[in-house]
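Chains X and G are the protein sequences, given in the same order. At position 260 of the first sequence the residue is numbered 257 (my numbering), and the sequence of numbers has no breaks. At position 127 of the second sequence the residue is numbered 128 (my numbering), and the sequence of numbers has no breaks.
Hints in this document: simulated from the structure, not taken from any laboratory. Note that CB positions come from ideal geometry on N, CA and C, so glycine has one too. Check each hint, because a few of them may be wrong.
[Unchecked claim] So the derived list for chain G, only partly shown, Cβ under 8 Å to chain X, looks like this: (1) His200; (2) Asp201; (3) Phe241.
[Claimed, not checked] In silico DMTMM-like links for lysine to aspartate or glutamate, alpha-carbon gap of 20 Å or less: (4) X:Lys148 / G:Glu255; (5) X:Lys131 / X:Glu174; (6) G:Lys211 / X:Glu288; (7) G:Lys211 / X:Glu311; (8) X:Lys148 / G:Glu167; (9) X:Lys148 / G:Asp217.
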Amino acid sequence: MHIDDVSLTLARGSLNVLLGATLAGKTSLMRLMAGLDEPSSGRVLVDGKDVTGWPVQRRSVAMVYQQFINYPSLSVYENIASPLRVAGLSQAEIESRVRDAARLLKLEPYLDRKPLNLSGGQQQRTAIARALVKRADLVLLDEPLANLDYKLREELREELPRLFAESGAVFVYATTEPSEALLLGGNTATLYQGRVTQFGPTPQVYRQPQNLVTARVFSDPPLNTLTIRKAGGAATLSTGGQLRAIEALASVPDGDYTIGFRAHHLRLEPSGADEIAVPAEVSVAEITGSESYVHLDAGDHRFVALVPGVRRWEPGTPVTAYVNPRHLFLFDRDGRLTAAGTAQEAA
Amino acid sequence: MARITLDHLAHAYKPDPQVPQDYALKEINHVWSQGGAYALLGPSGCGKTTLLNIISGLVRPTRGRILFDDRDVTDLPTESRNIAQVFQFPVVYDTMTVRENLAFPLKNRHVPKDRIVQRVDEIARLLDLTPVLGRKASNLTADMKQKISLGRGLVRPDVAAILFDEPLTVIDPHLKWQLRSTLKEIHRALDITMIYVTHDQTEALTFADKVVVMHDGAVVQTGTPDELFARPAHTFVGHFIGSPGMNILPCRVEGATAYLGHEPVALQRGYRNLPQNERVELGIRPEFVQLQPKGAGLPVRVRRIDDIGRARIARVEMDGRLLAASVPDNLSVSGEEASLRLDPHHIHIYADGRLVAGEPLGGYAA
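With the rest of the complex left out, here is chain G (with noise of 0.2 Å):
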């Protein structure tokens, strides 16, 4: 169990770089705490496996230093490092039963037989694997070998941390929703340090109490689910979480007001001080834009309607760009023409995709 710094770290796979561009790891610094769960999410090629492989030791950071509480592990190799980890596929001994995989963790380390009989059986009970204990591994499915590689990184109570690297890859969509519930409640009842890497932003926001979103090898947002959908710090984060992600349209703001072409969309706060000659985009999730019939607001034309089963959403254009919105229930959509609604307390203003917090309207607007 420990706490985790990440202290100035920075990764190049090219020797001598120059450049941001360089890279593949930009400065990052960051402190995690003992017992927290953490998923670290982002497309392929943005960073996320590169910073995992510096914590379990796998990659020497070109710069910066990696801390286990106070002590400082950058050199120490990743049987030293006292983690754990759980990777894409199943990692499991076919000769063995289920009860010798789990046990092989503890064996090797020497844990008193009797501890070892009792944390198995813990882990197994945690893991539905109780029933198959002594079975051959080899026989089992590939749920239900992924499902041992997660009790055996599970199994030592003494680590520092436990590193699952897109974990759930191979499970089948009803089983990976029992597992990560399971996955959440072991985090409770063990109090590890849990670092998940995943492209997967329903299993990161479920499993997570904070996501790190990172994009082109750089952190662009730290924070709790809620705050990743509710304000975005960049666009990426918007465009990224959310399916749809969120709508993000270029506009021109003066005051409190927005300028999607020529229509003025009203603001809740005001922008005086956005910096001149950047990008200046507004964006709103789908979730707070309606569809509404013609002549009711911003003037769209609808290009399909979406049924997602429990919901409706429609695509629709406007100025040439195409955007995602929510149907009401009640609304039956006939025809090209309609109009959206957009909800004024969920607009947010970016500036070469920066979030801009703008300034409280009250003393000088209506």
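Excised from the complex, chain X in its bound form (with noise of 0.2 Å):
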């Protein structure tokens, strides 16, 4: 339990991201809201009624786990009813909710089946379409898609927003992969060791991360950064050589900078005049579908550019790669977004 000085307020009807490294305090803090857990300090509201130290069974919560989590002995039908039974709701309207969730999640074919005979997908639906038939006012989901094969991975994730939508509750959603994030939508709060680094609109904290950390937690492939030190007219790179005079640079004042910008904006070939160019050589490439990873050593840094086509490079190979400045991120020494970087279209 590490979470640190958390304030978020979460509306009704909303979908959030928590996006983070494991250990960075993802399930902590869900424990949290969902009152599995008490905070040492701070307050848990509920539309302005606290309700810190209050139990889960006391709390209009349902919770998705990352591993499958249904009774074995139970049909799926009898899984998804299950809270509602233990609600003591009337026969005729569980199986009206019942039937409501399982055609949402296209369960409607395996009711009378026991879980275990079902795919992983399936058996993730279940669990899913017991949360929401409790039409609970917050939804806790951690890491629901991590153990399905990747296929099943992107057809749920293009169901889930839908789903959320047309329920109403608060949806709380944890996951370590920023284009799961990005392809949910609504807002992301990006963790780091139990500390909310930037909560915001998904788009907005992708593009705009007012820190190194949140940028750097919100990138995959990893962040490329390098630092510059700016003294009088120059900047000098830790890569070697100098930095031609670029707009974002001009209006800060001298010291040491952390220029940060993301692979698929470090280019290998040049594409304008006014572009950074950093000599590199080229470490492994990673063939992707249409597009290449190529992981690149330039003095002591490790960049990855990810490049339009399928092409091979040979370890070794001695290339020159490009990155435009309107794509920079300008951190100053304490890792902040400066001033300067922000009209950046660093996205």
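With the hints as a guide, bring both chains together as one complex.
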């Protein structure tokens, strides 16, 4: 447990992604929200009412975990119906809610089966259906797709935003994957070492990270960085060489800065006159469908370039990598985005 | 180090298999070269784990043989096959130091001490484990433990092959990047045959020189990553490789024209000899389908635009079917009505799921 000074307001009917590496605090934060753990300090409020210290049973919460958790001896129908039976709903109401959820999650053909006779995707759909029928105010999903096959993940990920939109609850969705956050949309809180480093609409957090940590958490492939020292009119790169005058640098005081840029903005062919050119050597190249990830060694730095097209790059090949200054984030010594960097189109 | 030959291999878990559906692994014939990096890629239940277990000796195949170089190992137990394995979850001895863990497979085989030290140092350097060599494994994170497992798999220089079964499952995305490129560098440095089982196309395509795509117990295509992308031999490969996968649309083909409903699409090749009574489909990857303003191509309705950060993907509907298309950077999308432009060089025609080669147009068509 290591959640440190987190303040978040999650609106009704909103989808909120908690994005961060393993152990960043995603699960800990969810457990506090659910009432499974009590905070050492601070409060949890629901519609203005302080619920800190309320046990999970008193709250209107549903949770979906990474592991597919279902009752193995019950049919899919009874699995989905179980929270409604506990709540003592009428048979007719149970029937109608289970049917609705089964339709949404494409489980209708499997309602009579036992969960263990289903694929992983269907098992997790069952768990999600059970969370939805409760009509809880707060639905927490802790890396729900992590144990699924790639293609199933793709399919469910496309359906989830629609399911969330139809429900009206507050959804909180934890993931380690930036691409998943982008596809889900909604809001994203980036987490690092128990702290929320930024919270806002997902595309905005992605395109305008306010600090270096957020930019790193929200980049996959990893964010490329290099440090520069500005003194007088000149800027020296940590990869060696001078940086020609770029607009973002002109307005900031002398000192050390970190430049960050994403892999798809590092190109191996020049495309404009005012680009920054970095001499490098190919370390290893990976082809993935229509694109190639080219890992580059530049001095002590390791960069990743995501370049279009499928091409063989032999290790050791000397190359020049280019990045357009308008794609740079400029962070000060404390890792904060400089004012000059904010106007950049650095996504 | 070995060449691996799969000779008329097939496996059924039930006794006395009769029909193809009884086989978890349908007949497969393959030769994997010494020193190659191969991936077995497919969804759960496709037979990839069965195949891996046959290679490692955990499962004895119902039919066929498996050879390491010219030696028939079909009836040999795992320990006599001289292979190393890395599993999904870390297998480390908590009470040992990292160095002892890495040395263990060598010590068991009575490798001389100085040779062990040298080899462990080399592997630790490749995996960035040097700083923790003296630490107890029990206090390390799951990531680190899995690195130790990888190291133990890689440490023996004399193995016939190293088998990886979804080895990066427990690894965080950021570290995955690093480990994937490390594994590739190690493969290059060690010249050992490596077989990597995964359901993750990115892992398969980035790791392997040759990817074996499996579906429903059979190999549907073996190819380099660019072949799988550019010329999927089966609609399943088109769908499974790529994210989003290939658009696959039922069509009718007359000579060098495909009809999607009533809309004609010009093709680069002729298809005079399409088999009768088979399902004919047109396949094209979203990368080669561009969203355009209304009137500039095939009419569609835009259902959604996904912003994936470095690009936008349009989800559109044509005759009740959903397609994915790329959105050019400078195109602003307004309203539902739009059109698609298909790059004719990247259109493929499939009959009952299998790629049809077609004939060059030159002779008879304009």
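Against which earlier hints does the structure fall short, listed by number upward?
Numbers 4 and 5, in rising order.
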